[in-house]
Amino acid sequence: MTVVLVIVGVIVALVLIAVVVAAVRRRRTPDGVATFQRQIDALSPEARRPVVDQVQQLEQEDED
Amino acid sequence: MARDLAIDLGTANTLVYMKGRGIVLNEPSVIALNRQTGEVLATGREAWQMIGRTPGYIVAVRPLRGGAITDFEITERMIRLLLQRVGVSRFTRPKVVICVPSAITEVERRAVTDAARRAGAADANLIEQPMAAAIGADLPIDEPVGNMVIDIGGGTSETAVISLGGIVALEAVRVGSFDIDASIQNYVRREHGIAIGERTAEEIKVAIGSADPTEDENQAEVRGRDLMTGLPKTVLLTPEEVRFAIEDVVSSIIASVIRCLAKAPPELSQDFLVRGMYLVGGGGLLRGLASRIQRETKVPVKLSNVPLEAVVLGAGHVIEHYEALKGMFMGARR
Chain A
1 MTVVLVIVGV
11 IVALVLIAVV
21 VAAVRRRRTP
31 DGVATFQRQI
41 DALSPEARRP
51 VVDQVQQLEQ
61 EDED
Chain B
1 MARDLAIDLG
11 TANTLVYMKG
21 RGIVLNEPSV
31 IALNRQTGEV
41 LATGREAWQM
51 IGRTPGYIVA
61 VRPLRGGAIT
71 DFEITERMIR
81 LLLQRVGVSR
91 FTRPKVVICV
101 PSAITEVERR
111 AVTDAARRAG
121 AADANLIEQP
131 MAAAIGADLP
141 IDEPVGNMVI
151 DIGGGTSETA
161 VISLGGIVAL
171 EAVRVGSFDI
181 DASIQNYVRR
191 EHGIAIGERT
201 AEEIKVAIGS
211 ADPTEDENQA
221 EVRGRDLMTG
231 LPKTVLLTPE
241 EVRFAIEDVV
251 SSIIASVIRC
261 LAKAPPELSQ
271 DFLVRGMYLV
281 GGGGLLRGLA
291 SRIQRETKVP
301 VKLSNVPLEA
311 VVLGAGHVIE
321 HYEALKGMFM
331 GARR
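Same order as they appear, the protein sequences are chains A and B.
For the first sequence, counting from 1, position 61 maps to 61 in this note's numbering; every step adds exactly one.
For the second sequence, counting from 1, position 214 maps to 214 in this note's numbering; every step adds exactly one.
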């Protein structure tokens, strides 16, 4: 009886591990749409504001 | 904690952008070495001043030509010294994004990343110069419209069409401002019989060089060594002569721009007529070049407000948004 319970326990544990690993892998796989949207958002004028500010700062320095 | 860096490793100048701080270094890509011991004597501006003026045992060299590493060991030492100057030590190893010409080979790519890693970078990724330039020049590359960038560097000239964060068409030639300097050197030697150094040739280009006739043109006095007598000699050089001397290089750059225009999809081509093309890179500062390209392509050409810094500012933006933009690295899209 104990042996059967141990085997069942091991199988359940293995299945749980497999499910967790699969879930983690799925989460790691980049979602194309989301990745592309993140990239486009990071290239938006709002995201690039600090770069534009630096351009203006460099222009100001050149004028001075 | 290391601050991540973006490096524009150019044939002429090296610029470094530090995450959160902006451009922290802008120096000529030159290193001066003791030929006998191999010891580094100077880098950057200090080494640039030594070009052509060193005693026999000192050599001042540009380890990059045509955007590619010509001497791996010296490039690695130069990068290591530059990184040290911006505070990188063996305990603070930053992530580094390096801007390179889009036309470099797989071997050249590996040479650049290996040089950066050995010089102290924890991770080194590459980004194409025209893409970085488009980001730095503040073009709306996040929109589905055609943005055209012409980046004329020291050793390469690249034209790219960019839309929706990606390169749509690209044309590159291994010709740049150093070839303009070399053409002036050759012309003065051939037509006036005097030898001049590369720094003098560059000064002539800056003083009277142009790709198209401009207002207020003046002659320039050129001093060099008479090839016949070996004595110092002065000659007068006109802007027309300089235009004639550099014509082949200028034509080659314009031909590559036209080839890129021809490669662009028709839907994007119409955008260029309205939005124009953007000129970046030190070579873009050649007088009359924008008007000459505009005349030959019939497309408006605008010079970027920061032609020399656009590339490193673009790469700096990538390092600021590393996770979101790491898909733009060379090799990441394969």
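It cannot be assumed that every hint is accurate.
[Claimed, not checked] Computed Cβ-Cβ distance ranges for the label pairs, DEER-style:
id, chain 1, residue 1, chain 2, residue 2, range
1, A, Ala18, B, Gly38, 54 to 60 Å
2, B, Ile258, A, Val33, 34 to 40 Å
3, B, Pro213, A, Asp31, 54 to 60 Å
4, A, Glu59, B, Gly276, 18 to 24 Å
5, B, Tyr57, A, Asp64, 39 to 45 Å
6, A, Val33, B, Thr105, 19 to 25 Å
7, A, Ala18, B, Thr70, 50 to 56 Å
Calculated from the structure, these hints are not laboratory results.
Note that the Cβ used here is the ideal one computed from N, Cα and C, for glycine as well.
Quick rundown of the hints versus the structure:
no., hint, result
1, Ala18/A x Gly38/B: 54 to 60 Å, "57 Å, holds"
2, Ile258/B x Val33/A: 34 to 40 Å, "37 Å, holds"
3, Pro213/B x Asp31/A: 54 to 60 Å, "56 Å, holds"
4, Glu59/A x Gly276/B: 18 to 24 Å, "19 Å, holds"
5, Tyr57/B x Asp64/A: 39 to 45 Å, "42 Å, holds"
6, Val33/A x Thr105/B: 19 to 25 Å, "33 Å, violated"
7, Ala18/A x Thr70/B: 50 to 56 Å, "53 Å, holds"
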